[in-house]
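There are 2 protein chains.
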Amino acid sequence: MKAVIVTIGDEILTGHIVDTNAAWLAARLSEIGFEVIKKISIGDDREAIMATLKEMTGVTSLVLITGGLGPTPDDVTRKALFDFFESTPVEDPAVLRQVQSFMEKRGRPLTDLNRKQALVAHNCKVIPNNIGTAPGMWFEKRGTIFVAMPGVPFEMQEMFNSYLQGMLKEHFALPSFIVRQVLLTGIGESFLAEEIKQWEKNLPPSIHLSYLPSPGMITLRLTARDENRDALEQEVESQLRKLQTLIPSYIYGYDNDTLEAVVGRMLWEHGKTLSLAESCTGGAIGRMIVNVPGASRYFKGGVIAYSNEIKINVLGVPESVLGNFGAVSRETVCAMAEGVRKLFDTDYAVAVSGIAGPEGGTEEKPVGTVWIAVTSKEETTAEKFSFGDDDRQRNITKSAIAALNLLRKSIQII
Amino acid sequence: MKAVIVTIGDEILTGHIVDTNAAWLAARLSEIGFEVIKKISIGDDREAIMATLKEMTGVTSLVLITGGLGPTPDDVTRKALFDFFESTPVEDPAVLRQVQSFMEKRGRPLTDLNRKQALVAHNCKVIPNNIGTAPGMWFEKRGTIFVAMPGVPFEMQEMFNSYLQGMLKEHFALPSFIVRQVLLTGIGESFLAEEIKQWEKNLPPSIHLSYLPSPGMITLRLTARDENRDALEQEVESQLRKLQTLIPSYIYGYDNDTLEAVVGRMLWEHGKTLSLAESCTGGAIGRMIVNVPGASRYFKGGVIAYSNEIKINVLGVPESVLGNFGAVSRETVCAMAEGVRKLFDTDYAVAVSGIAGPEGGTEEKPVGTVWIAVTSKEETTAEKFSFGDDDRQRNITKSAIAALNLLRKSIQII
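Sequences listed follow chains A and B, in order. Those letters in the first sequence? Residues 1 to 414, by the working numbering. Those letters in the second sequence? Residues 1 to 414, by the working numbering.
It should be emphasised that the hints constitute simulated quantities derived from the structure, not laboratory data. Be aware that a few hints might be false.
As the list makes no split between identical chains, a pair holds if one copy fits it or if it spans any two.
To be verified - SDA-like, lysine to any residue: derived pairs with alpha carbons at most 20 Å apart:
1) K365 x R108
2) K272 x T381
3) K169 x G33
4) K79 x A173
5) K197 x V321
6) K342 x G316
7) K2 x L62
8) K342 x I312
9) K116 x P128
10) K116 x E195
11) K342 x N313
12) K54 x H270
13) K409 x I312
14) K242 x P205
15) K342 x E309
16) K342 x V321
17) K79 x S210
18) K125 x P109
19) K197 x P109
Take these sequences, add in the hints, and give me the full structure.
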């Protein structure tokens with residue numbers, strides 16, 4: 001089953017956005033058994049769209065198209081699709097209801113442009129958009145399935161997950177397929193590769209391994225294909241168990257876990273509460289924690305102590321500690337953590353202080369130096385990290401991840 | 001001058017990496033006056049590469065190709081290029097010296113595979129690779145220039161900046177080109193389109209407009225091309241002024257501005273300081289503010305008051321206010337803002353309390369209901385937002401953006 005992904009939008013061709021839709025769709029299609037043979041990006045240009053649709057007709061099993069379905073005049077995909085498939089626009093009552101309710105919820109009037117969204121091709125299958133106004137459309141021509149989806153990434157992803165994935169599995173006879181993800185933090189890519197070299201070498205040919213690094217984290221993805229699904233599942237499980245014994249302390253979760261959800265579950269299961277004292281991260285740890293619905297069951301809040309004045313006046317860090325050791329030191333982060341734990345009356349507290357950059361580094365404490373402390377009723381521990389990164393955003397992200405991971409390891413001990 | 005970007009590599013088609021090379025090159029080419037009409041990604045597949053090169057010959061002025069130039073067996077681009085341009089491999093002494101010095105610096109021996117990198121096409125211009133081993137190659141066929149570069153992003157970027165950019169400017173007579181971005185928040189895409197319909201309709205044909213929405217924000221991009229650069233600049237400026245008078249309150253910046261940097265600059269210029277009281281956003285506003293290097297000049301920090309207990313005990317919100325009006329109310333956010341401003345001794349304070357979802361909504365206060373307050377020495381104002389969004393992450397992001405925007409408007413008044 002060969003597939004082509006076509007992303008449409010002037011903004012992709014001028015490089016103003018990175019085309020994440022194409023990568024996301026390529027990964028999802030590969031997972032369910034398609035072979036993506038080409039990705040094409042073209043502008044909001046009628047001729048280019050028509051030429052691309054024509055070129056793909058009868059050549060590939062599936063063409064996924066994103067972008068240009070919006071109601072504004074620069075969204076020409078819709079018009080080009082109607083011309084190419086010789087469609088008549090008909091108003092779809094279900095789509096109109098969705099658009100109406102979408103605008104109502106936002107307290108906005110229904111404009112003519114909004115109403116236009118409900119005009120779908122008479123010869124397409126309509127794919128609902130639960131979180132936006134532009135529906136998807138499924139066409140067929142000379143044995144090729146064409147699916148047009150909105151270009152807004154979260155709308156497209158929701159549509160794919162809720163509807164299109166199922167429709168594709170139903171329409172195409174796709175091979176059996178298992179995907180598992182192992183989520184790691186606290187280890188670099190090349191060091192990880194060394195640690196698991198032998199395991200990787202001994203993987204059976206039915207299992208393919210990929211390394212997917214992101215700032216502060218690595219995902220190992222195992223993609224397995226075989227006729228015998230039961231045997232394949234057993235093989236994958238057995239390989240995961242081997243990996244778990246090789247690198248236990250770096251694995252924080254599997255598949256769709258997130259670090260913040262794993263930590264949250266641990267706090268909740270142990271009946272413990274958490275507070276934060278954030279300096280260089282400025283709220284990044286809190287932001288991650290509240291990603292998880294229901295975080296209020298264990299998260300009371302925290303203090304963003306960006307200036308030293310707040311570290312002293314609100315968190316009670318002694319001036320002498322800041323004076324003698326500096327804001328980025330074991331002594332300061334420990335005092336910050338203990339201060340916020342007392343103020344917020346929680347079981348655990350985490351504190352971070354570091355130099356995110358690009359300025360502020362010294363020979364002794366270069367940019368990327370970050371101290372993190374975890375405290376509980378029983379003890380306070382602190383660790384120094386050297387992210388060695390010049391990028392402010394990445395240093396902040398890596399600090400927040402390292403802080404949550406240190407907390408995870410502390411709770412694991414009890 | 002039309003250009004096509006071709007990125008080659010199996011890893012792009014399986015979605016295991018996001019193709020940042022294509023976006024980077026598209027932005028650079030647009031900046032120097034090329035119109036990128038298409039981006040294509042194909043696998044390490046000889047047939048697909050040959051077919052793509054053939055398809056582009058004589059059709060476009062420039063084809064930039066990245067990837068597959070390495071010495072390993074899965075890098076087939078090089079071989080396909082040699083076949084397509086009917087080239088004979090010749091050893092280039094300068095490239096060989098670069099490869100030798102590259103390996104020497106790393107204390108590694110020169111292998112046969114490394115030596116192969118110095119074999120370039122007899123009918124190409126060689127483009128040096130100062131930081132890697134694979135050189136670039138510049139070919140010409142039937143009026144189309146083809147340039148092949150390595151796929152490693154920093155090698156490709158260095159090669160483009162140091163050599164290719166200059167070579168392109170020398171070879172092509174590039175037209176004048178202006179790109180301006182207008183950054184907006186607080187308005188939906190279709191409502192914006194209605195508001196500026198007449199202005200958009202009256203834009204001269206030399207100016208192209210695109211809408212680029214992201215959660216809570218919209219970017220309007222004007223791309224202008226004309227022979228006469230001075231006249232074009234004047235025309236663009238005049239159009240921007242017209243737009244500014246049409247929708248002044250939604251525009252927070254231009255081009256590479258960010259909302260947090262704009263607000264930070266205003267605070268800094270007025271010599272004012274800021275603190276935050278975040279409930280549902282959990283640190284998201286602080287996280288945005290510390291994006292800006294040097295934020296410590298105006299940002300003292302804040303309190304993440306996720307639980308009501310913290311709103312009462314740390315921020316001093318009266319229990320009766322929470323009891324009578326609830327946590328998501330004008331009265332509570334005003335008390336939170338005033339409480340943190342006093343505690344942190346700042347000129348301004350911003351407070352947010354809302355229902356991020358997916359749970360916790362009621363008929364009266366559905367998911368997406370958010371109250372935001374801004375307080376200063378002079379006054380406290382609050383506004384209610386109904387984001388009408390079921391997605392927790394987006395509600396948090398939109399709340400943080402709306403909070404910064406409310407602060408921006410408050411400072412603007414002084």
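Hint check results:
Within a single copy, K365 and R108 get their C-alpha atoms only as close as 52 Å, which misses the 20 Å cut-off; across copies the closest is 17 Å, which meets it. For a Cα distance limit of 20 Å, the shortest separation of K272 from T381 inside one copy, 18 Å, qualifies, whereas the shortest one across copies, 37 Å, does not. For a Cα distance limit of 20 Å, the shortest separation of K169 from G33 inside one copy, 9 Å, qualifies, whereas the shortest one across copies, 44 Å, does not. For the homomeric pair K79 and A173, neither the shortest alpha-carbon distance inside one copy (31 Å) nor that between copies (35 Å) is at most 20 Å.
Taking the closest pair of Cα atoms, K197 and V321 never come within 20 Å of each other, the shortest separation being 45 Å inside a single copy and 61 Å across copies. Taking identical chains as interchangeable, the C-alpha atoms of K342 and G316 lie at most 20 Å apart whether they share a chain (10 Å) or sit on different chains (17 Å). Taking identical chains as interchangeable, the C-alpha atoms of K2 and L62 lie at most 20 Å apart only when both belong to the same chain, with a minimum of 7 Å there against 29 Å between chains. In this homomeric assembly, K342 and I312 come within 20 Å of each other (Cα to Cα) both inside a single copy, at 14 Å, and across copies, at 15 Å.
In this assembly of identical chains, K116 and P128 lie within 20 Å of each other by CA distance solely inside one copy; the values are 15 Å within and 53 Å between copies. Proximity of K116 to E195 under the C-alpha cut-off of 20 Å is restricted to the inter-copy arrangement: shortest distance 17 Å between copies versus 57 Å within a copy. For the homomeric pair K342 and N313, the shortest alpha-carbon distances inside one copy (14 Å) and between copies (12 Å) are both at most 20 Å. With identical chains, the CA atoms of K54 and H270 are never at most 20 Å apart, being 60 Å at best within one copy and 59 Å at best between copies.
In this assembly of identical chains, the alpha carbons of K409 and I312 never lie at most 20 Å apart, being 28 Å within a copy and 32 Å across copies at closest. In this assembly of identical chains, K242 and P205 lie within 20 Å of each other by CA distance solely inside one copy; the values are 17 Å within and 63 Å between copies. In this assembly of identical chains, the alpha carbons of K342 and E309 lie at most 20 Å apart whether taken from the same copy (18 Å) or from different copies (14 Å). Only within a single protomer do K342 and V321 lie at most 20 Å apart by alpha-carbon distance; the minimum there is 18 Å, versus 25 Å between protomers.
For the identical chains of this complex, K79 and S210 are inter-copy neighbours only, at 17 Å across copies versus 40 Å inside a copy, given an alpha-carbon limit of 20 Å. Within a single copy, K125 and P109 get their C-alpha atoms no closer than 28 Å, and across copies no closer than 60 Å, so neither meets the 20 Å cut-off. For the identical chains of this complex, K197 and P109 are inter-copy neighbours only, at 17 Å across copies versus 60 Å inside a copy, given an alpha-carbon limit of 20 Å.
Hint compliance for this structure: hints 4, 5, 12, 13 and 18 are not met, and every other hint is.
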